[in-house]
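We have chain A; now place chain B onto it with these hints.
Protein chains in written order, with this note's numbering: chain A, 67 to 1081; chain B, 33 to 506.
Read the hints as simulated data drawn from the structure, not as lab findings.
Only a predicted model underlies this, so the values are computations on that prediction, with no experimental measurement involved.
Where is the CB? At the ideal position from N, CA and C, for every residue including glycine.
Please note that the accuracy of each hint is not assured.
Unchecked claim - Covered, in the sense of this in silico footprint (three residues per stretch, anywhere, with C-beta under 8 Å from a C-beta of chain A), are these stretches of chain B:
id, region
1, 179 to 185
2, 278 to 287
Stated by the list, open to error - Derived Cβ-Cβ restraints for the label pairs, each shown as a range:
id, chain 1, residue 1, chain 2, residue 2, range
3, A, Asn598, B, Glu290, 25 to 31 Å
4, B, Leu421, A, Asp719, 32 to 38 Å
5, B, Gly187, A, Asp968, 58 to 64 Å
6, B, Asp102, A, Glu308, 53 to 59 Å
7, B, Ser491, A, Leu588, 44 to 50 Å
8, A, Ala708, B, Lys483, 36 to 42 Å
9, B, Pro317, A, Leu341, 47 to 53 Å
Stated by the list, open to error - Under the rule of at most 16 Å between Cα atoms (straight-line distance), these lysine to aspartate or glutamate pairs were calculated in the EDC-like manner:
id, chain 1, residue 1, chain 2, residue 2
10, A, Lys582, B, Asp46
11, A, Lys582, B, Glu47
12, A, Lys373, A, Asp408
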Amino acid sequence: MKKILFLILFMCFMYSMHAQTISITGNVKGAEDQTILPGVNVVVKNANIATVTDFDGNFRLDVPINSVLEFSYLGFQTKSIQVLNNTPINVELLYDTESLEEVVVIGYGTQQKKDVTGAVSLVDKKTIEKLNPVEVAQALQGTVSGLAISSSSGSPGAEININIRGVGSNTDNEPLVIVDGYRGELNSINPNDVASITVLKDAQAAIYGIDGANGVILVTTKRGKKNSKVKFSYNTYAGLQETTKKLDLLNAVEYAVIVNESHASNGDPIIFDDLSNLANDTDWQDLIFDRSFIQNHSFNFSGGGEKTSYFVGASRLEQEGIVTKENSDYVRNTVKIALDTDLRKNLKFSSTVNYLNSSRKTITNAVNQDTGEIEEFGQGGILFNAISFSPTFAENQDDTFNFLGNEVFNPISQKNNTFNDLDSNGLEGSFSLKYEPVKDLEITSRIGFKTFNNSYKRFFPILNLGESKVINETRSRVLEGRNTLNDYTFENFISYKKTLAEVHNFQATLGMSAQKRVFDQLEGTGFDVPNNLWEFADIDLALGATEARESNSLRTDQRRSSIFGRLQYDFNKRYLISAILRRDVASDFAPSNRVEYFPSITGGWNATEETFWNTDWTVSFFKLRASYGEVGNAVGNDLYRATLGGEATYELDGVLVNGVANSRIPNPEAKWETVKKLDIGADLKLFDNRLAIVADYFRDVREDLLIGNFPVSGVLGADAPGAGLPTVNAGTSRNRGFEFLISYKNNSNKKFSYNVSYNLTYLQNEVTAINGDIPVIGGSFGVGQVEDVSRMEVGEPIGYFYGLKTDGIFQNQAEIDAHPSQNNLGANTAPGDIRFVDVNGDGIIDENDKTNIGDPIPDFYMGFNMGFSYKQFDFAMYANAQVGKETVRNYERDQANVNRLDLYLDRWTGEGTSNFVPRATTSPTNNRLFSDFYVEDSSFLRIQNVQIGYTFPQELTESLHITKFRIYTSINNLYTFTEYIGYDPAASTGIIGAGFDTGFYPVPRQYLLGVNLNF
Amino acid sequence: MFSLLFSCSEGFTDETSVFQIDSENFFNSEDDYQNALIGAYDLLQSTYMNVMVGEIASNNTSSGGESASDNPGIQQIDDMDHTPANANLKNIWDWMYAGVDRATYILEFENEGAEFEGKEQYIAEAKFLRAYYYFELAKWFGNIPIKSEGRFVVGDELTIPLTSQKEVYDFIESDLESAVNNLAEQAPQIGRATQGAARALLGKVYLYNEKFNLAAQQLDLVINSMNYELESDYNLIFETEGENGVGSVFEIQYSDAEGAGFDCLQCSEGNVAVGFNGIRNYSGPLFDTGFSFNVPTQNVVDAFENGDVRLDVAILDIDAWALETGATFAVGNKHTGYYNRKYIPRQGDADTGDKNLTNPNNYRAIRFADVLLMAAEAHINSPTGNQALAETYLNRVRNRAGLENWNQVGSLLNAIYQERRVELVGEGHHFFDLVRTNRAVNDIAGFESPKNNFFPIPSEEIQFSNNNWINNNY
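With the rest of the complex left out, here is chain A (with noise of 0.2 Å):
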């Protein structure tokens, strides 16, 4: 380097003998922030002069008169400043977020975003310091095409599903996720720390082998940089939130007349005598819906020195819910420490330790049985209450004597007896270390490591809401539970890099991948909680049942082994091709059956490097691209083991015993999913790179799906009581459609700079093979009906809504008699009631009418986002939609006595007064069956996020050093354009019974207020 140097200086020298030269002093700054920029290149364009800035971004350069200076640095565009006199020249770079010199993260390497051949998305720092979600995931809706969320909850610290390109699995979506190197989650991070998010959506996510198959997200958390002073900085916002909608409800009045009406039409007694004079009219939503306080503190520093860089960032949300609000509270603090050293000039070592601390409470107790999750929704769930829940009621009056059904209880009741809490803890990151013997050979060695553990309680007090009410305990208990996960990946890999004759580069990855996943559950009631209190509820103070066991525990240990390569090689950046081949051992599996390969080709052709290509045409830059592969969705695991959890009760010497016999019959060749990704695809960009667009067709088929249930011969004993029928890989899926991004961004050196971007995803899903034609069936609807309302089965899609067609309202006796007869449903029809379609037209109205009569998955998906900036103020503001989507009404309850939306108020009433809402009635009717009156169009446009801020000019706040003082006030989930009835039309969970909504938790709408502090 000294070599260089004085080199350098000697050919200035050498140049000074023939021009006449000056002496040049100046700085560089980020133009955006003000920060300091060390280690500029500064170089004199047509001459061996260069240099670099120092410290605190000065340099000094010996240049001759009316010579141009070049300023270039990594992530800022470049600047050329013509040298006329020696006035100190002080320089501003802008960044340059979507130059093409992007880097992208494609797993166990980076690519510069031109020469990627695959499909892949990029969120950057800025757009998610814009968006400022209050979790990482919120900020790849409508950012990211082809990428959906979606929640069961809108509820703080719910969990947040994403979907990239479509569900395509029957069991598993979720795609992998990986935070600077180690399995990680989303949930876990600080939005504030996240520095890029890359999302791999095809065939690319080979090199990732078995966990791929549902897409990859490569979250790059933000580091310090060599050679930088230390800069501060501060975030933080504050504000309210509010429920987006109340539903329409009947208030006393319309609720009791139709009460009475329904009694009235069965030739029952009236239930209300004198309407004038009702009890109460209590607004049931008003009085758990709470307006209530987000607040969100964001400290971070970071620097570095000539061998060291660091970053420290820590963070804490406090954020109430809407819904009961000390019900649902929600506090998260995070830490995390990013360490980079350089040990030796080729050794470098990196580390990233991220710690964090949550607890969270829940509107109700509801566990699911099969995941264990707390969940907020369903009959009985504190929204369902409160839709159904009698407006004649007082606030604090029990339904003592049922009038309203089992599920149906006083929701403030409810929630006054409602006691859990959710502490978690995690610590997780990488440690690194890369070697570089030789020029372009890299070694890397890292471990990833996860370490989570989590403790709840749930406290059940004795409770009587009302006579059978399901909700009811005689005997109080107290539910405790201890979750520990630790997940440990060691990997080594090697790159090496290689150009033959200037125009040949090749570039070699060779790894291995060792995982260990273990999990270990432990879970334990105690009975009679002392007073009955939850101040008292803890095991320790609570007695044993006096049967059964009391204590669960679980441990799972998954391991994995993986051996991986990547070869890449491009002609003179022009042609580019890319094959991937990953092999994994996975102890999922019956040890026979635990090796797969994955692997994938891409290739791309970059038109703009070829010669005749003229950089000054109107396309800068024009990419097609083509990836095919296969990627693996690791689900079926533990399926080949044969496990005992069979039912084995007899009676021996006058009591019953019990023992132990075989579960589920096992499956042998129970596997993983094997996704074959196709995507062609073309980037363009025009107008000196201003206009963008980049568009894809993708075609995912998915196989080797998972049938539970799958029928086998009786011989292997699957009927025996407590066992059941094996679990195989026998169903087909595809996924198809195109995603299309189109941007525009002016000139950002302009005073006024703007940009617009807009992303639209076509998706069609189809199952397309089930062996043995079984449709997968589940979903519920209602109480005590067929869980057959939701289905897999071949030509429809994932989930498809299986019931009755509708073709409006029976008028008159006349209109029955003519059509054929649907006694066969289960009761007699009368004039009001729904008429349905004889759709298999065998002349009777029975089950086997049942069709699609709608699905979950949107046809279509978008996005759409801008934001100006304009001298010292900015604007921001982000939508996304869904369309072609329907949800289930399910937050009604089949009685007749409980209260409903005002929908019914245009009941049929008499012949020509309704052709859509059937009659009020307590006499048993089809009219609840699950048909196409309950499914609705949930179709929606949501304004996810508005901002507005102003940045203080620099010449206030640099007296005070501070480099940047932006203040900003937001709006989050302003406003959903539908047609949707119930609370929240982007809300669904599960696959197989996905929007069926029982009264979904709203996402709130914040109106927050904040400050961006940079020091």
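Then chain B, alone, in the frame of chain A:
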């Protein structure tokens, strides 16, 4: 370097440490054998279907139920127009094979697993149970798939052929011949198989297999063991107090201690048939309500001789009872006015929900009277048999019923057949007696031979086995 890492990592995935017991590493102690055995006994409770539907198949009872479309599978069998698509036949097939599966699971670990004193008793019980389930399957379906070693696995349906009914009987005999030597005369717990139960079942299988001499030998051993005698009060046999009584050679235990639902009838610990047999919408003394299936015909009522005390025990004349007690009831499908009094619900049990499915009435699977009559039949048919002994056995049964000795009119064999019918009415034996003695064609309306000698193998099994397992008569 990579090959090294690679070979290391291969073992890494095999070393998972999970505290999980699965079926292949289960048998580590005597308790484990006992626990698995409970699982194998459990399926005996699902034989309620065999008993109920078997009786309906005969000329003793009619299907009944609410209407002609109530449980169509049962209605079809009553009318002898059943096909391979029959839900009840599928249940019998699935449940009996589930029993075979659970018994065979223990037998797979006959030589592996823990060694301890008395292990042979567990193995013998498992063989008894496998024999019991296979015998039911052979009686119902005739030619069936069997597997001598190990449980059935996926794929067997395509490769294992049907075994003829006779060879299935031979196979069952070998299981039982081995079991009798290792079973105790007194069961370790009430409800478990004894040596006498295994001998009685073996004698019965020999009889069905027309090995009359061997049958007579085994059944004589049971009779001469002095472990059993005829309960003097015939009525007591079928009441709670009579459970596991002196005349009970093998009895299936039912309980009302646990609830049950219609979604898993085989999971019930109660006798589901009892609720099905019960008086429709009954309100009155002594009995409890039910679904009015399995109603006795006039034909069987007429089969009783005058003075037979068994008539009023076996058959409830509901109209007379209602008149006498003021009880009320509803009339169901194929109402005959009679109910199968031995196995209808009694008041006084726990009524655990669904109370129709949790009646605790044990099923007296092999009664001493049955053994006597089978022995008598075997002696008559055996060339070396003892005719006089046969007549003695017959008369012991007759005398207990308050009847005189056999009047020597007609053949002794027919007298034994007649006695079996009235002694065992309502207990699910008559249909198979008629079939094995070639009397079904004459006695059962709609019965065709050979077609109806065996019930059809369920249509699902025909599909799974790609026509490998099919009864071509259907």
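Of the numbered hints stated previously, which ones are contradicted by the structure, given in increasing order?
Those not satisfied: there are none.
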